[in-house]
Amino acid sequence: MRHIRRLFLFLCLLTTCGLVWAAIYARKEGFTKSWRDAIEREFAQRGYHVDIGKLTLGAFRGLVAEDVRFFQDETRSQEVAVIDDVYLDVDLSRIFNEKQISINTLDVQEASLSLPLHPANPQGRRLRVTGLSGRVVITESVIEIVKAEASVVGVDLSIRGSLVRPPLDGREEKEADEKDGSARLDRQRRQVLRFLQDFEKYTFSGGRPEVMVEFRGDLDDLATTTARAQVRLPSFHKEGQTYRVESLDADLRYDGRSGSAVIERLEIRDAKGSLDLTGEWTGEDNKLHFSMESQADIASLAALFSNDKKLREVVFFTPPTIKAKGHLVLGGNRAEAKGFPGEILGELRAERFVTRGTVFSGLDFGFRAAGERFYLRNLRLDHKTGVAFLNLKYEPGHGDASVRYQTEIKLDPLVFRPFFDEKGRKFIDAWNFGEASTIYIAAVGQGEGWNPMAWTNRGEIDLRHFRLNGVAFQEMETDFESDAETQWFRNVALVREEGKIVAELAQNNVKAKQWEVKGVVSTVDPIEGARAFSPKLATALERYQHTSPPTVRLAGLLDARRAEEVGDEPRRNELKISFAGGGDARYVFLGKTLTLTEPSGEVVVEGSRVHLTTLEAGVFGGRFELAYDAKNVRSQEQPFEAEVRVSGVPLEAVTRHYSERDAIKGSVDAAFHLAGNAGQASSIRGGGEASISDGYLFAIPVLGPLSKLISQDDAKGENNGHSVAREASASFTISRGVLVTDDVEALTQAFRVRGAGTVSLIDKSVDFEAVANTRDALSRTLLTPVSELLTYSCTGTISEPVWKPKHISNLGKVPAQVISEMTNIPIEGLKKLGQGIFGPQSRRGEGGDPERGERGNANPPRRLFQLRSN
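In this text, residue positions in the sequence shown follow numbering that gives the first Met the number 0: the first is 0, and each later residue adds one.
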């Protein structure tokens with residue numbers, strides 16, 4: 000008995016050792032391939048195609064399949080997943096009957112799962128799941144996930160649910176759908192890959208993201224699956240951005256039987272507020288109907304999911320309030336889709352915000368969008384300078400009415416400067432509005448596209464207390480219209496303190512770059528009025544100063560091209576300007592300010608030709624008329640033609656104004672014509688005539704020294720009229736810059752003075768001869784020798800003439816008393832002939848004989864004309 004007991008113990012020990020050895024062997028070496036094949040066949044019968052790398056026996060959990068690879072189909076060409084360890088709960092009741100094994104449950108504990116995102120590329124990217132733990136119960140009819148937990152890309156995932164399996168004999172009917180299922184699976188993988196690429200850009204803090212899913216479904220028809228999900232995300236931000244979401248909570252529900260999904264709650268919180276959204280998706284039309292209300296930083300939140308730089312241009316000091324509802328159309332090719340993918344209706348209200356450096360104090364509008372169509376309703380934009388209103392509608396496909404708008408602007412237009420291009424900024428910079436300014440701009444318009452320059456518009460403008468190019472105006476009113484090619488401004492009125500500018504029409508031909516103006520009448524300061532529109536023109540007008548603004552009338556065409564666009568071509572100007580009134584005008588002429596009384600005239604501009612057809616004004620108590628034709632102001636030669644007429648102008652006033660010498664008395668009348676190139680005296684040509692009356696003839700330049708021969712004051716210091724020219728006239732011609740005259744004639748009480756000669760306008764030199772004779776016919780006949788003695792020649796310059804007698808040596812042959820009585824020249828005057836004018840005897844002696852002195856002159860005066868005896 001004792002031996003039997005020992006034998007039994009030995010057998011038990013041997014059996015135990017055998018079992019331990021078998022377990023250790025099974026654990027280390029694994030079961031044979033036949034066992035692995037048996038389990039793989041069991042998986043295949045249940046519709047799973049797997050390869051088991053190793054089958055071992057666990058110390059406490061039973062059979063363990065290691066390196067289990069799941070494939071899409073029996074060809075094993077595309078790998079679906081890899082799990083490192085799977086614990087198998089098998090039914091071994093038929094294990095000795097051709098190694099038939101029935102799998103009841105699958106357990107995983109802290110396993111790793113690898114899901115290839117490119118099954119056709121074994122080396123491609125994989126989705127790795129770590130910490131996978133759970134139990135899957137597999138029966139003939141149900142696959143139940145009792146509980147599964149894992150970590151996927153940093154997200155804690157918890158799943159539970161069950162799937163009803165179809166009968167084995169009915170699976171063949173599904174083989175025809177495997178190709179479609181494979182294509183669908185590929186699309187899903189690509190979507191997962193895009194999601195992972197975007198998800199990796201977010202960084203979480205304050206915990207780990209959590210996703211909990213519970214589902215029920217039928218493997219035979221996954222479309223009938225129902226599921227619920229809860230998503231809890233802690234604080235996170237996107238790489239490269241400072242905006243942070245404090246939390247995201249979502250409760251989702253899906254019902255495959257009705258083909259619908261519900262967003263029961265979606266709440267996103269940030270530092271400024273929250274966004275709450277609910278919605279429902281229906282598979283029938285693939286639309287997500289939603290309702291949203293937000294007080295979060297919506298611009299920054301949207302920037303998390305969009306790279307549109309325009310979203311960063313708007314910064315709200317306090318988050319806007321947004322209420323919206325509508326639907327999103329899911330699916331389709333979003334890359335080719337235009338506009339909003341669905342329809343949305345809502346409103347937005349915001350307080351202070353800044354965009355492109357401009358701070359606005361409020362924004363309020365309603366909106367609606369559907370595809371490319373949208374409208375903004377009752378938009379109100381507040382700024383410290385005022386308010387603006389807008390209604391905007393866009394409906395593509397409606398031709399010229401695709402874009403329609405209506406607006407009223409009551410704020411400083413300069414706030415929109417950052418939104419204009421360079422040309423628009425240059426235009427708007429010319430305007431300035433202050434605290435006292437009021438602005439009202441109303442307009443309606445429409446167009447086919449988003450180019451505002453191609454729209455048709457009409458409206459009105461009313462501005463008060465503003466500046467244009469620095470020029471102050473009290474008000475401006477106008478009606479305007481525009482289309483792609485033309486802008487019309489009608490009934491224009493610009494008011495200043497001293498007057499106003501009105502215009503019947505100002506038409507801007509945009510493509511031709513030419514303005515047409517009609518009925519322009521200005522009573523403002525011409526310099527300030529010009530500065531408002533053309534500072535360059537104002538600079539040119541500064542030479543003309545008016546005591547009060549004249550009335551200026553303007554009509555015609557103005558070339559609006561820039562200088563670089565014009566080049567060497569003449570400008571396309573066709574303009575007629577008239578001016579009158581305005582009291583006195585001051586003009587700098589010959590270095591002195593000349594005062595013109597009540598000037599009036601007309602200017603015609605044709606291309607590069609500026610023609611002053613007439614200018615009439617009072618000057619020094621007389622009248623002045625001028626016509627000046629600048630043939631080509633763009634030419635370097637500056638060709639011109641001028642006609643001048645002067646009547647009743649007192650020489651005394653002229654000489655006092657322009658020189659410091661003794662005033663010349665007398666009244667002058669003149670008319671002459673000039674032509675040539677401005678600034679080129681040698682090119683000047685022309686002619687005319689002039690006359691002087693009631694004046695001291697010989698006090699004028701060149702003839703001045705002759706007055707000393709025929710004038711003598713009486714005891715009272717009075718002239719007795721000897722040099723008062725009652726009749727004086729001359730005609731002249733100008734050629735190559737030289738003035739020529741041969742009929743200068745002046746009459747005093749006693750004398751007739753005749754002269755001829757030339758005056759150079761180039762070097763101011765003179766070459767002149769003059770003869771003085773008595774007015775009485777008898778004395779002229781008897782005193783022919785005396786006339787010969789009173790013949791003089793002049794050289795030098797206009798400002799410093801040098802007169803010399805031509806026959807001074809013969810004067811002594813005639814008794815002085817006779818000459819005095821016959822000519823009414825006082826004897827003292829005859830003495831001055833030899834002393835006061837031509838120098839004393841001693842001075843003449845210094846140079847030797849006078850006749851010899853004349854002969855020694857290198858350029859003796861020439862005789863200009865043959866003197867007559869009568």
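No lab work stands behind these hints: they were computed from the structure. Don't take each hint at face value.
[What the hints assert, rightly or not] 30 Å max Cα-Cα, derived DSS-like pairs, lysine-lysine: (1) 510 / 422; (2) 512 / 591; (3) 271 / 308; (4) 575 / 510; (5) 286 / 337; (6) 309 / 337; (7) 409 / 322; (8) 53 / 200; (9) 422 / 322; (10) 308 / 383; (11) 535 / 512; (12) 271 / 383; (13) 575 / 512; (14) 322 / 337.
[Stated by the list, open to error] Ranges of calculated distance between the beta carbons of each label pair, as one might list FRET restraints: (15) 377 / 449: 37 to 47 Å; (16) 88 / 201: 38 to 48 Å; (17) 240 / 346: 21 to 31 Å; (18) 346 / 569: 14 to 24 Å; (19) 682 / 608: 35 to 45 Å; (20) 450 / 207: 44 to 54 Å; (21) 233 / 196: 15 to 25 Å; (22) 739 / 569: 29 to 39 Å.
The C-beta atom is built at its ideal place from N, Cα and C for all residues, glycine as well.
Cross-check of the supplied hints:
With a CA separation close to 15 Å, the supplied pair residue 510 and residue 422 stays within the 30 Å bound. Of the supplied pair hints, the one linking residue 512 and residue 591 is violated, its CA atoms being roughly 40 Å apart against a limit of 30 Å. Between residue 271 and residue 308 the CA atoms are separated by roughly 22 Å; this keeps the pair inside 30 Å, and the hint holds. As the CA atoms of residue 575 and residue 510 are separated by approximately 23 Å, the hinted pair is consistent with the 30 Å bound.
A distance of roughly 17 Å separates the Cα atoms of residue 286 and residue 337; the hinted pair therefore holds under the 30 Å criterion. Restraint check for residue 309 and residue 337: the C-alpha separation of about 17 Å stays at or below 30 Å, so the hint holds. Proposed proximity of residue 409 and residue 322 is supported: the alpha carbons are some 28 Å apart, at most 30 Å. With a C-alpha separation of about 38 Å, the suggested pair residue 53 and residue 200 falls outside the 30 Å cut-off, and the hint is violated.
Using a Cα cut-off of 30 Å, the hinted pair residue 422 and residue 322 is violated, with the two alpha carbons roughly 38 Å apart. For the suggested pair residue 308 and residue 383, the alpha carbons sit about 27 Å apart, so the restraint of at most 30 Å is met. A C-alpha spacing of about 18 Å is found between residue 535 and residue 512, which places the hinted pair at or below 30 Å, so the restraint holds. About 25 Å separates the Cα atoms of residue 271 and residue 383, which keeps this hinted pair within 30 Å; it holds.
For a cut-off of 30 Å, the pair hint linking residue 575 to residue 512 stands: about 19 Å separates their Cα positions. A hinted pair counts as satisfied when its Cα atoms are at most 30 Å apart, and residue 322 with residue 337 qualifies at roughly 23 Å. Separated by about 22 Å at the C-beta atoms, residue 377 and residue 449 break the suggested range of 37 to 47 Å. A hinted range of 38 to 48 Å for the beta carbons of residue 88 and residue 201 is consistent with their spacing of about 40 Å.
At about 28 Å, the CB distance of residue 240 to residue 346 agrees with the hint of 21 to 31 Å. Judged by the Cβ atoms, the range 14 to 24 Å given for residue 346 and residue 569 is violated: they are separated by roughly 58 Å. The hint said 35 to 45 Å for the Cβ distance between residue 682 and residue 608, and at roughly 18 Å that hint is violated. Between residue 450 and residue 207 the C-beta distance comes to about 52 Å, which sits within the given range of 44 to 54 Å.
With their beta carbons about 21 Å apart, residue 233 and residue 196 fall inside the hinted range of 15 to 25 Å. A hinted range of 29 to 39 Å holds for the C-beta pair residue 739 and residue 569, which are about 36 Å apart.
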